[in-house]
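Enquirer: Letter by letter, the chains look like this.
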Amino acid sequence: MIEVSQLAKNYGTFAAVKDLSLVVRPGEVLGLVGPNGAGKTSTLRCLAGIIPATRGQIRIAGHDLAVDPVAAKRALAFFPDEPRLFDYLTVRQHLAFVARIYGVPDHESIAQPLLEEFEIAEKADQLPGELSRGMKQKLAIACGLLHQPSVLFFDEPLTGLDPLGIRRMKNSIISRARAGAAIVLSSHLLHLLEEVCTHVLILKRGEKIADGTLAEVGARFSPGTATVNLEEVFIRATGGTED
Amino acid sequence: MLDALIYLRLTSAKNWVLARVRRLRQPKYLIGAVVGFGYFYFFFFRGLGPPATPRNLNPQALQALEAAQAQVPANWLPAMTALGALGLLAILTLMWLVPAQRAALGFTEAEIAFLFPAPIKRTALVHFRLLSAQLRSLVGALVMTLFTHRATILGGNAFTHAVGWWLVFSSLSLHFSGAQFTLTQWAEKGAVLWRRRLVIGAAIAGVAGVTLYRISSGPLASAPAVEAGLRPLAELAIALADTAPLAWLLTPIQLVVTPFLALDATAFLKAIGPAIAMVGLHYLWVVRRAVAFEDAAVDYAQQRAARIAARHAGRSPGAAWAKGRNGPFRLPGTGRPEIAFLWKNLLSTWPYFTGRVWLGAAALTVAGCIWLDRQTIIPELATGAAVPLVIFAAYVLIVGPQFARQDIRSDLGHADILKTYPLAGWQIVLGELLTPAVLLTGIMWLLLLAIAILLRPEAGAEGAHTLAAHTTGAIVLALLTPALALLQLLVPNAAALVFPSWFHATRTRGGGPEVMGQRMIFFFAQLLTMVAALLPAGAVAAATVLALHWLIGLAPALAIAGLTGLAVLVGEVWCGVWWLGGRFEKLDLSAELRS
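Sequence order for the protein chains is B and P.
Sequential numbering of the first sequence, starting at 1, is according to my numbering.
Sequential numbering of the second sequence, starting at 244, is according to my numbering.
These are computed hints drawn from the structure, not numbers from a lab.
One should not assume that every hint holds.
[Said to hold, decoys possible] In silico DSS-like pairs for lysine-lysine, Cα to Cα no more than 25 Å straight-line:
hint : chain 1 : residue 1 : chain 2 : residue 2
1    : B       : K18       : B       : K208
2    : P       : K829      : B       : K18
3    : B       : K170      : B       : K136
4    : P       : K566      : B       : K136
5    : B       : K18       : B       : K136
Just so it is clear, the structure is predicted and the values come from calculations on it, not from any experiment.
Kindly generate the complete structure, drawing on both the sequences and the hints.
Expert: Laid out in structure tokens, this is it:
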């Protein structure tokens, strides 16, 4: 479970995130949307404990991220938009390293199915330099899932994946949510969010414009329409135009 | 068309300079520039004028100074010319033996994107690259002149040295291109790589063999009037340059070297014509040999872009060619997480940094040092060999952390991932410091082992030079080494965490004096911090030895002093790791790099 209260993030005098509050319960997938510079990545980085929040409280799986960051981080996984891998560790060695960091006993039995799920088992002894962009992304995801986190943060998770990889990634997110994980993902691919997310939060210039279930947000910005079109909702909510 | 390409090169160079001037508005670059230019002025430019005669020197000191500034005797020139030519011949030989790929000419990705599809003849592209290479040769010549102009044994002046260096670099650059084109042509005609290397290697070996045979069967060239120690080397160099068939290869090379070694203006003017003719002949050779280089150029540009991107991201450029290998030891899923960083970072080093290799090196060190100690051919050889080892040990301890960088400095690009790990900041910092500390300690222990054996006191020695005191001292130093290495490593890692934007700037390649100045600031700050950190431990240890050695003898006093000093150092390291851990937890890289 993710509980965020009055989160603010400033860079000097620039406020990237302003008084953001949200709750993501087990089984829910929150889609974080907003125009470029809205504060999505800053929000995700604060939630994952990568950068300190200027103000506010973040609780991950019941642990206050500021008070007990180690316990909070043990429960979460963060997936950046660009896979950041260690140049000299093979695919298998990445998983061994992450297993030791998170203290995963008998990690081989968990790692192998993950490698097969993401179709990188054949590349297990190769270095990142020998992998395609999509393969690297899959490896980063496998590393994040190794310790079976209950909270997942995805920053543009589909970047660099092929169509089949996108399909698998979507299914993977949905199945993990069904298994009880609380998930936040940011993406500009609004049709992905429509398919995967149970909830959506729209940010603009660091401020929350709207949040709720897809139906709730749709009803607020596209009243009277039978089906929710997130693209339409996004444009109306952020005050943008198609031109 | 060539004028457009020259415009591209000159405009790029101008903008490079302007960009560097503009960024001096940032204090970190301005301070670095002041330090960098100050260094250049005091160590290089100030010496470009005529040497000033120091005032207030007594006649003996003045005489000694004049002797030290004396030029090389004229009868030494043939030997120096021959040695220079032999050195260049070795480089040229490698140019023919080593290349395994087609001629690429070293275009950048942008040059390929813009110039290759453009209506430009291949010859114009070749000229463009050759001119670019000449510019690099010119810059290299100017830099080398700053170094060599201070060598008072050389004749000539700054101008003749600069021209001399340019002729050498220019010839090497052109020869490299010519050799690559020729090798590519041979490859197109079906020459297999290993066969080509075998033939060239055999030819060079044949020439060297015949020459040496002829020298050994005849009288050596007349020896120059020099000290006895260097005479055999000079005799051999002159003989090699004068004896066919090696002389045939060395004669044109000597023409290129001669202007640099010219003692005066007349000698320089006599030598400059043939040397320029050699450069011109090389130029014609390259232009006439130019083969299809486009495919190889694209591959080369991609590799180069990958190297630059890796360097900018704080990663090792070598990663582009690395192959996966087994871990240095088995890493179970449970246990101290800091060990995972040691395991990971050891994988990014050379594969022969293993315990087994260290043990082998230690065995060889012991055997070699015992042999040196017992040999009777050269007296005092063991002591003489220990001196450079002591200097090298000090170098490893002080400068080693600048090379062993498998720590936070190389992982700063992964900071956002590391911060998601369920670890306290001090655990990440400690884990990151382990690999360079282990590497430096391993090297230092080998050096200490060698020094301890080579400087072993005679049996029955008394006073402070007993075997017991000597051995205790060596063991104490070995025990202190890991703490000293960690202490040394804390400083550059602290710099990376406390001043990430400064640190990031020092990683910029191709920077000017401002970046060099920044590096110097970091280095001197490290030295000062190290001295300050060593003072408490040194004071405690010294006080312990002074207080106890009257009571319990020197060796036990050294042992206790070493342990108390170690306790202080460990305390300092722990405080440093704990503090840096806090800094790491608070690090907001995105905010730091915005400024």
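Enquirer: Now, for every hint given, state plainly whether the structure supports it.
Expert: Evaluation of the provided hints:
1. Taking the CA atoms of B/K18 and B/K208, the gap is about 8 Å. The hint holds against a cut of 25 Å.
2. A hinted pair counts as satisfied when its Cα atoms are at most 25 Å apart, and P/K829 with B/K18 qualifies at roughly 20 Å.
3. With a C-alpha separation of about 17 Å, the suggested pairing of B/K170 with B/K136 holds against the 25 Å cut-off.
4. Between the alpha carbons of P/K566 and B/K136 the distance comes to roughly 16 Å, so the proposed pair stays at or under 25 Å and holds.
5. The suggested pairing of B/K18 with B/K136 is violated, with an alpha-carbon distance near 33 Å, which exceeds 25 Å.
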